[in-house]
Amino acid sequence: MSNETLNGRRDFLKATTSGVIAGMLPVSLVRLAGAAESDPDFTFAYISDSHIQHIKGNEFVRNWDRGLIRAVAEANLLEPKPDFVVFGGDLAQLGTKAELDHGAEILAGLNYKTRVVMGEHDYYLDLGEYWSDLYGDHYYSWDHKGVHFITLNSILTYDDWTFDRWESPERRMNEMAGLDNPNGSPFMVGDKQLKWLKKDLSKVSRDTPVVVFSHSPLQKIYKGWNFWTEEADDVQAMLKPFKKVNVIYGHVHQIQYNQIDKIAFTSVMSTAWPWPYPESYAQAESHLPILTVPMNRADPFNERDATGWQFMNMHTGRVDLEFNLYNNSNRTIAFNRDKGHPEDVTFSDAKTRTPAQSHF
Amino acid sequence: MKKVAVIAVSLVLAGPVVADEFTKDDTERWMEQFELVAAEGRRLWTSPEIGTNGVACAQCHPNAANTHPETYPKFQKQLGRVTQLWEMINWCLRNPLEGDELAADDPKMVAMLAYVHKERRGVKLDPGKH
Chain C
1 MSNETLNGRR
11 DFLKATTSGV
21 IAGMLPVSLV
31 RLAGAAESDP
41 DFTFAYISDS
51 HIQHIKGNEF
61 VRNWDRGLIR
71 AVAEANLLEP
81 KPDFVVFGGD
91 LAQLGTKAEL
101 DHGAEILAGL
111 NYKTRVVMGE
121 HDYYLDLGEY
131 WSDLYGDHYY
141 SWDHKGVHFI
151 TLNSILTYDD
161 WTFDRWESPE
171 RRMNEMAGLD
181 NPNGSPFMVG
191 DKQLKWLKKD
201 LSKVSRDTPV
211 VVFSHSPLQK
221 IYKGWNFWTE
231 EADDVQAMLK
241 PFKKVNVIYG
251 HVHQIQYNQI
261 DKIAFTSVMS
271 TAWPWPYPES
281 YAQAESHLPI
291 LTVPMNRADP
301 FNERDATGWQ
311 FMNMHTGRVD
321 LEFNLYNNSN
331 RTIAFNRDKG
341 HPEDVTFSDA
351 KTRTPAQSHF
Chain F
1 MKKVAVIAVS
11 LVLAGPVVAD
21 EFTKDDTERW
31 MEQFELVAAE
41 GRRLWTSPEI
51 GTNGVACAQC
61 HPNAANTHPE
71 TYPKFQKQLG
81 RVTQLWEMIN
91 WCLRNPLEGD
101 ELAADDPKMV
111 AMLAYVHKER
121 RGVKLDPGKH
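Chains C and F supply the protein sequences, listed in that same order. When we follow the working numbering, the leftmost residue of the first sequence carries the number 1, and every step to the right adds one. When we follow the working numbering, the leftmost residue of the second sequence carries the number 1, and every step to the right adds one.
Extracted from the complex, chain C is given alone in its bound form:
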């Protein structure tokens, strides 16, 4: 598609959505009271799990397209402007060139520098080869305004599963694409990347705030749906010496947050569809962090329900996170410095919770 057409589409989105969005976007990019430390505050946006799905020819699943198109349009309306945007992985559903190209075209509508995380749906068809043509390295780090950012590829798995088990790349992709598929395999960072991470962190002062982006949770919640990373404990041990660590992850399509030592974990939502909390699968045991006040149970009659995107206020080394939920009240998960963990600013008191937040 030509630039001219792309710009045309972007302008169209701005024109058609801004009237609605302006009154709705919670643009609370203000500094919290009592900001005494010297790290500058800044914001970034986070869009994840769009699962662009090819039907045939130039047809894609409309529902998933709409979620991503809306996130891009809304993120472009943020004021003040975020410093950058992160896309948290699973741009595609089955990793095809058609899906990655279509998703990349929509993402290219963002007016900001965009960093991209690898998801399993982007990877297991060609092991990330075409994705690399679009977005480069599978894992990398950079510094921004005194914060050290690390993007990991946490969706690798055992070599025999990846290389020796399946008769075709398509079969391998399909097997990994089924969340509850017993033929799947646990997510991993892998030895090579762990060595790289150790080396990368060795250059960082322990006072420097660290933010890690991964697709899968770098904590163990429920193995059956890969809400899980095999070496989560190893990664946490490497991050433990740092005073302020924030881990942001996608994959789970639901609100989760947790604190382990000095590491604050926060998930992000999908633009495509929500997933049940593992506790609602009656045949399995899960370990949803007790800090988490769940998102609302989704209303399937509204196709954008329980989906959305996020923007994040990087405030004195900690991430405060605003969930922009298309059809639900927005949620704010901010780091509570007194308590030393992230918490929902509205619903932390059990008495304030709504029936829709109870999952069964």
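Since the hints were derived computationally from the structure, they do not count as laboratory data. Since we're looking at a predicted model, the values are computed, not measured. This list has only true hints and no planted wrong ones.
Facing chain F, from chain C, some residues (calculated, C-beta under 7 Å):
no., residue
1, D180
2, W273
3, F301
Residues of chain C placed beyond 10 Å of chain F at every Cβ, according to the derived structure:
no., residue
4, T43
5, K81
6, K113
7, L127
8, Y158
9, D159
10, D191
11, K192
With a Cα cut of at most 27 Å, we get these calculated DSS-like pairs of lysine-lysine:
no., chain 1, residue 1, chain 2, residue 2
12, F, K77, C, K351
13, C, K351, F, K129
14, C, K243, C, K220
15, C, K56, F, K108
16, C, K339, C, K243
17, F, K118, C, K223
18, C, K262, C, K199
19, C, K203, C, K240
20, C, K223, F, K124
21, C, K262, C, K223
22, C, K97, C, K56
23, C, K240, C, K195
24, C, K97, C, K113
25, C, K145, C, K81
26, C, K145, C, K339
The beta-carbon is built from N, C-alpha and C at its ideal position, and this holds for glycine as well.
Assemble chain F onto chain C, guided by the hints.
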């Protein structure tokens, strides 16, 4: 004489198979039948073939979670009445899967219902619950 004849007739009636005379072999065979149908339901649930756009039920409902079969029949505000689970499955077939509805007794519908209930086994009935 008459009395004896009546007794004889009732003994004859009791002799052949009666409905509640089933064996362990029978229950195993029946369960096997159920499992075959539930397995077909799982196949359909995870397959793109049930709709038209490649989307599968399991994409939003891994292990059929968040379907809550134990709460049906229940009031669905969007439909304005009390509905059965199969009507909700048809809603999903029409909308996210952009496919065609199935009859309540269509073998594919029965198979999917068998799978959904199997994944929810052990949970107490709670009709009407939201």
